[in-house]
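Engineer: Assemble the complex: chain A is given as a structure, and chains B and C with the ligands must be docked to it using the hints.
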Amino acid sequence: MPDPKPFPLDAWYAAAWSHEIGRDLAARTVCGKDIVLYRRTDGRVAALEDACWHRLLPLSLGRLEGDQVVCGYHGLVFNGDGRCTFMPAQKTINPSACVHAYPVAERHRLVWLWPGDPALADPATIPDFHWNDGTEWVGEGGTFYGLRCDWRLVVDNLMDLTHETYVHAGSIGHDAILESPFEVTHTDRTATVTRWMIDIEPPPFWAGLLGKPGRVDRWQIIHFQAPGVIAGDVGVAPTGTGAPQGDRSQGVNGCFLAALTPETETSCHYHWNFVRNFRRDDDALTRAIQKGHVNEGKGVYDQDHVVLEAQQRAIDRNPRMPFYNLNIDAGALWARRMIDRMLEAERGGRHVPSQAAE
Amino acid sequence: MPDPKPFPLDAWYAAAWSHEIGRDLAARTVCGKDIVLYRRTDGRVAALEDACWHRLLPLSLGRLEGDQVVCGYHGLVFNGDGRCTFMPAQKTINPSACVHAYPVAERHRLVWLWPGDPALADPATIPDFHWNDGTEWVGEGGTFYGLRCDWRLVVDNLMDLTHETYVHAGSIGHDAILESPFEVTHTDRTATVTRWMIDIEPPPFWAGLLGKPGRVDRWQIIHFQAPGVIAGDVGVAPTGTGAPQGDRSQGVNGCFLAALTPETETSCHYHWNFVRNFRRDDDALTRAIQKGHVNEGKGVYDQDHVVLEAQQRAIDRNPRMPFYNLNIDAGALWARRMIDRMLEAERGGRHVPSQAAE
Amino acid sequence: MPDPKPFPLDAWYAAAWSHEIGRDLAARTVCGKDIVLYRRTDGRVAALEDACWHRLLPLSLGRLEGDQVVCGYHGLVFNGDGRCTFMPAQKTINPSACVHAYPVAERHRLVWLWPGDPALADPATIPDFHWNDGTEWVGEGGTFYGLRCDWRLVVDNLMDLTHETYVHAGSIGHDAILESPFEVTHTDRTATVTRWMIDIEPPPFWAGLLGKPGRVDRWQIIHFQAPGVIAGDVGVAPTGTGAPQGDRSQGVNGCFLAALTPETETSCHYHWNFVRNFRRDDDALTRAIQKGHVNEGKGVYDQDHVVLEAQQRAIDRNPRMPFYNLNIDAGALWARRMIDRMLEAERGGRHVPSQAAE
Ligand code: FES
Ligand code: FES
Ligand code: FES
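Chains as they are written, first to last, in our numbering: chain A, 1 to 358; chain B, 359 to 716; chain C, 717 to 1074.
There's no promise every hint is true.
If the Cβ cut is set under 8 Å, some of the chain A residues that face chain C in the computed set are [claimed, not checked]:
hint, residue
1, 162
2, 165
3, 166
4, 167
5, 178
6, 307
7, 310
8, 311
9, 314
10, 315
11, 317
12, 318
13, 323
14, 324
15, 326
16, 327
Here are the simulated DSSO-like pairs of lysine-lysine, each with C-alpha atoms no more than 30 Å apart in a straight line [to be verified]:
hint, chain 1, residue 1, chain 2, residue 2
17, B, 570, B, 656
18, B, 363, A, 33
19, C, 749, A, 5
20, A, 298, A, 212
21, C, 928, C, 1007
22, B, 649, B, 570
23, C, 721, B, 391
24, A, 212, A, 291
25, C, 1014, C, 928
A few chain A residues that face chain B, going by a derived Cβ cut-off under 8 Å, partial list only [unchecked claim]:
hint, residue
26, 34
27, 56
28, 57
29, 58
30, 61
31, 75
32, 88
Hints listed in this document are in silico derivations from the structure and should not be mistaken for laboratory results.
Every value quoted in this text rests on a predicted model; they were computed, and no experiment measured them.
The C-beta atom is built at its ideal place from N, Cα and C for all residues, glycine as well.
Isolated chain A (complex conformation) (with noise of 0.2 Å):
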């Protein structure tokens, strides 16, 4: 089994998608809690402890009143900062009531949760998500909810695409990236896996967005911001048209996009998006890539799924079993590290026996 708990408190996660989050109750498991998550009649989110003060009910079985929560079961009443304003049949409220807040915060289309240390929870430190903004980058993404595996897993999934020659073969999978070498640097908190296939001839779905006959230049720059965040810079142009010197004016440039949230210690959340700066009015494009992607068990994710939840349930069976690791899993590996290390620190510097060690 893994370690108990492994993922950082102090950290942003994505516990929703904006549109999501509405005048209704909205429940949410975010590093093991409950939380229960609405917006305010000013538009401002509120995120709550999802067990009532008085007898554990589920605040999201209640109902919202003007800016507050009524429990479902004796009435008690909490407003968006958790605290308790009303009690049935006493006139004395204890002021001991009350039920944890969690910071939030709205960017990039996403509902950012701080489930650890409030007083750590800093908005500047949430993660560049700005390809999902709507703006530049177009796409329409969604949310798997409740995948069953260590959220670290995606992470390892999403670092290292060699996997797209075995588990996506006919799609975006291509012999060459095996053959292709591939460079990895990294910051304190970030870590950049850098692939260019030059002069190889286009997978199905690159040669149908690209739209032009011929062999291209391929690229996947995966950028990884800890402890879950992860953009894919991906495209290809026709071959000796400059890409890999930094023109891309005649190839075609996506980005697919990942912000994992742990739910329990072997299940995630995975809010994804796939978007793109061209044809940008294109909905059909739009709605085909979304297909592409999933659809009832034959898009590109629903087959990482199928790989995810099966490793996790090997995972299970095999507490004791290392990883080894290959050259391919540079990337993953400093991944790997950098949550290591926010682990530590949290745990007072303690070691965090790693399930990436070498």
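Structural biologist: Chains B and C with the ligands only, in chain A's frame:
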């Protein structure tokens, strides 16, 4: 998690309705014990451990032969006292071969069972449930088998009717419940919560039963008998006709009945009825009242179950979070104290860390 | 709960029927070990650990390429000996990269697998299952995969046929089974229970097969080979025609076959057949006999499964209750003793607290 075995064993619990036990083998789990029940040819009920002495096969998978049970695997026969009277292919019977026979007694249309020490089982201590016997009061109840919550959560639920306002708004709920004072009295094994709501608009359920216009006095007198029986004397009468002073002749009077039986630490059987002492021959009314309580998720009790099971799940997920108490919990706290005291007595006086502590 | 791993590992177990293993990857769990089976191009069966060396993905989710398995995640390739022969994006292969290869052999239409120490795997010790090879005896059996009981409960079940009287009344059960003496003999690795019922009315199943009126001599000679193979020589002949003395020529003779394979501590695979040495070309009879055993819950074996799984659930719920034994258990006790002795040998002589102790 609740403390292990949060139920007294030396107590009478309802195991079934009398009409459910006949010449078939009926399996029940009471206080974690698997039990098979059947009716002897002379009409007396037998209750045996539901695991064959030989190889543990549930005896309820066998068959009844006269007054004895034949195991469905290799044919051992047990009489109603649990003694083995036949072994296949051998002449002598191991004299120690027997299964436990539970003290059992029928009263008020229920079969009461004593899961603890048989030497202590005194039928004189079977709880008073006379409202259920079909004479002075009438009604058709039933049993929720395997309700997925600690049985004591149902005690809490029934000992405080404030929740009607929130869980049952639109039928029996009423803001007056919140505003009216109540009184709690108790004896050694009973607790009573009394609440009078004077000169109020009757809620829809009661207005319909009363069939007279105008304001009413409403009463809720909830009577608890340890460990798990509750009878709630409820009704309304036109205000000013003397009900608070004892003359209910102008009103209508019902009684909700609950005989709660722990199944496991976190599940229970809830034998219920709602009886009345007026329009006793009106079968359509009987059915309408039954349907008001249980109606494919829309009845009053169905609403309670959603809350109770959600509460149990929350307790399971928040094992160390204490319960906090409000004034409205006074009746439930007395009930809990009596249950705790029974547990302590069974455990030789060791203190039971109560979930009901203030 | 049963002692952990209540099965010897150094033993041959049936893992599949030969016809089930072809050019697809077949997943099986044997003694708690996940295994992928396939047939090489030269016809030999390979059996590998079903967890990739790299990141544990079950190899059974990959694909077969010639005689090798390609992992479905990042493309590591393993040959039938479990050695890695290809790693993506790197020239040198880590020499330690391999998965366990299990000794495997085909015999009597079954694939036999050795989950323990490969150095000890001697095909000469594969149990005798010749009745199943389709020559002298015919029949069409099958496998109950994942029967939810400790495999040893099936051994108990088959080593004592007294249960036929109770579980299979109306087909093969008969009171004579109870009344007839039986004899148990044993060698180091086998035990045999012999029971003759002389001059009895044949039960319906056998009366139909014999096709002659009148009373019969019936035999049940059950032969156990440790750890999990049972062959039951059963039949009837007209009484007085000399069957007990060895002349079965006037009778009909069948053999029930069981190759039991632990899946987990509390589940097993039950490879079964019922073969006969008469009317061998009568396919309708073959199908009728198969249907008599397995028929959507109404066959003889279906009846056993209800009992076996109920018994396991009872064991799980009564962890400390001992098993008591009757005279009829003598054969099962010898079988259990042999299993216990194998377990002790594997554990370096440490005593195994047997569930078969008297
Ligand atoms: S549980 Fe919320 S008010 Fe009682
Ligand atoms: S299990 Fe009941 S007689 Fe064997
Ligand atoms: S898990 Fe098999 S190659 Fe990576």
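Engineer: With reference to the structure, classify each hint as holding or not holding.
Structural biologist: To see whether the hints hold, each was checked on the structure:
no. : hint             : result
1   : 162              : holds, 5 Å
2   : 165              : holds, 6 Å
3   : 166              : holds, 5 Å
4   : 167              : holds, 7 Å
5   : 178              : holds, 5 Å
6   : 307              : holds, 6 Å
7   : 310              : holds, 6 Å
8   : 311              : holds, 5 Å
9   : 314              : holds, 4 Å
10  : 315              : holds, 6 Å
11  : 317              : holds, 7 Å
12  : 318              : holds, 6 Å
13  : 323              : holds, 6 Å
14  : 324              : holds, 6 Å
15  : 326              : holds, 6 Å
16  : 327              : holds, 5 Å
17  : B/570 <-> B/656  : holds, 27 Å
18  : B/363 <-> A/33   : holds, 28 Å
19  : C/749 <-> A/5    : holds, 28 Å
20  : A/298 <-> A/212  : holds, 27 Å
21  : C/928 <-> C/1007 : holds, 23 Å
22  : B/649 <-> B/570  : holds, 23 Å
23  : C/721 <-> B/391  : holds, 28 Å
24  : A/212 <-> A/291  : holds, 23 Å
25  : C/1014 <-> C/928 : holds, 27 Å
26  : 34               : holds, 7 Å
27  : 56               : holds, 4 Å
28  : 57               : holds, 5 Å
29  : 58               : holds, 6 Å
30  : 61               : holds, 6 Å
31  : 75               : holds, 5 Å
32  : 88               : holds, 5 Å
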